[in-house]
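Enquirer: Chains as they are written, first to last, in the working numbering: chain A, 1 to 112; chain B, 113 to 230.
Honestly, I wouldn't trust all of these hints.
The calculated DSSO-like cross-link candidates involving lysine-lysine, where the alpha carbons are at most 30 Å apart (straight line), are [stated by the list, open to error]:
| hint | chain 1 | residue 1 | chain 2 | residue 2 |
| --- | --- | --- | --- | --- |
| 1 | B | LYS153 | A | LYS22 |
| 2 | B | LYS153 | B | LYS178 |
| 3 | B | LYS153 | A | LYS37 |
| 4 | A | LYS37 | B | LYS132 |
| 5 | A | LYS42 | B | LYS132 |
Restraint-style ranges between C-beta atoms, simulated for each label pair [as the list claims (entries may be wrong)]:
| hint | chain 1 | residue 1 | chain 2 | residue 2 | range |
| --- | --- | --- | --- | --- | --- |
| 6 | B | SER130 | A | ALA70 | 43 to 49 Å |
| 7 | B | THR169 | A | GLY55 | 30 to 36 Å |
| 8 | A | VAL20 | B | GLU175 | 37 to 43 Å |
Quick caveat, the hints were computed from the structure, so don't treat them as lab data.
No residue lacks a Cβ here, since even glycine has one placed at the ideal position from N, Cα and C.
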Amino acid sequence: GENVEQHPSTLSVQEGDSAVIKCTYSDSASNYFPWYKQELGKGPQLIIDIRSNVGEKKDQRIAVTLNKTAKHFSLHITETQPEDSAVYFCAATPVGANNLFFGTGTRLTVIP
Amino acid sequence: GAVVSQHPSRVICKSGTSVKIECRSLDFQATTMFWYRQFPKQSLMLMATSNEGSKATYEQGVEKDKFLINHASLTLSTLTVTSAHPEDSSFYICSASAVGTVRGNEQYFGPGTRLTVT
Numbered sequence: 001g002e003n004v005e006q007h008p009s010t011l012s013v014q015e016g017d018s019a020v021i022k023c024t025y026s027d028s029a030s031n032y033f034p035w036y037k038q039e040l041g042k043g044p045q046l047i048i049d050i051r052s053n054v055g056e057k058k059d060q061r062i063a064v065t066l067n068k069t070a071k072h073f074s075l076h077i078t079e080t081q082p083e084d085s086a087v088y089f090c091a092a093t094p095v096g097a098n099n100l101f102f103g104t105g106t107r108l109t110v111i112p
Numbered sequence: 113g114a115v116v117s118q119h120p121s122r123v124i125c126k127s128g129t130s131v132k133i134e135c136r137s138l139d140f141q142a143t144t145m146f147w148y149r150q151f152p153k154q155s156l157m158l159m160a161t162s163n164e165g166s167k168a169t170y171e172q173g174v175e176k177d178k179f180l181i182n183h184a185s186l187t188l189s190t191l192t193v194t195s196a197h198p199e200d201s202s203f204y205i206c207s208a209s210a211v212g213t214v215r216g217n218e219q220y221f222g223p224g225t226r227l228t229v230t
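Could you build the full structure based on these sequences and the hints that come with them?
Expert: Now the structure itself:
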């Protein structure tokens, strides 16, 4: 089955700096890669996703890049703000499957 | 994005009793709903996948007789934890997706239910 690894496990940045979280996946047939933000005591919130026919996608301060050859994808947050502090999870879905295979999460702390 | 609700948000029950958690998709028809369990500072662990009108598919190691899942309509799925024990205390989260549509891969999560068994 699919195996998703995520790094780093914790990340602290100064407000205004950029944050990058990286994930690798094992199943070359995976074709859908969402990113979720989870605040304490809440459910995960879909913040951006990318499909395998696209290399990059951007939504305001958030961007995701995908390298299919290397089987890795990254989340980029620019101009970070304290409200970006949360746990971020990457995930992957193989073709023909409905399940999400989650990474282990990254706790992002933005220091004011 | 789509809206998924969960009820209750928190529940405390005595050991040996059963607890039902509801998951509703409020603005779309969810052909598939998923139930996850999350321990503190850990990732989400998929417990089961349920398709509307069908029996749920449980992940390895998840007791289907203990965690009863019903997905009777396209907007409602329920998880019943039967004969709960303290080790069942956890954060339970559902998600919903509209499989078979253009956005079928996307899963939208509920806010979670904190279960504490005393």
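Enquirer: For every hint, state whether the structure bears it out.
Expert: Comparing the hints with the structure gives:
Annotation: proposed proximity of LYS153(B) to LYS22(A) holds, straight-line Cα distance about 19 Å (limit 30 Å). At roughly 24 Å between alpha-carbon atoms, LYS153(B) and LYS178(B) fall within 30 Å of each other, so this suggested pair holds. This hinted pair checks out: LYS153(B) and LYS37(A) have alpha carbons roughly 14 Å apart, not beyond 30 Å. Restraint check: the Cα-Cα separation between LYS37(A) and LYS132(B) comes to about 26 Å, which is no more than 30 Å; the hinted pair holds.
With a C-alpha separation of about 19 Å, the suggested pair LYS42(A) and LYS132(B) falls inside the 30 Å cut-off, and the hint holds. The supplied range of 43 to 49 Å is met by SER130(B) and ALA70(A), whose beta-carbon atoms lie about 48 Å from each other. Range check, THR169(B) to GLY55(A): about 34 Å between beta-carbon atoms, so the 30 to 36 Å window is met. Here the CB-CB span from VAL20(A) to GLU175(B) is close to 40 Å, well matched to the stated 37 to 43 Å.
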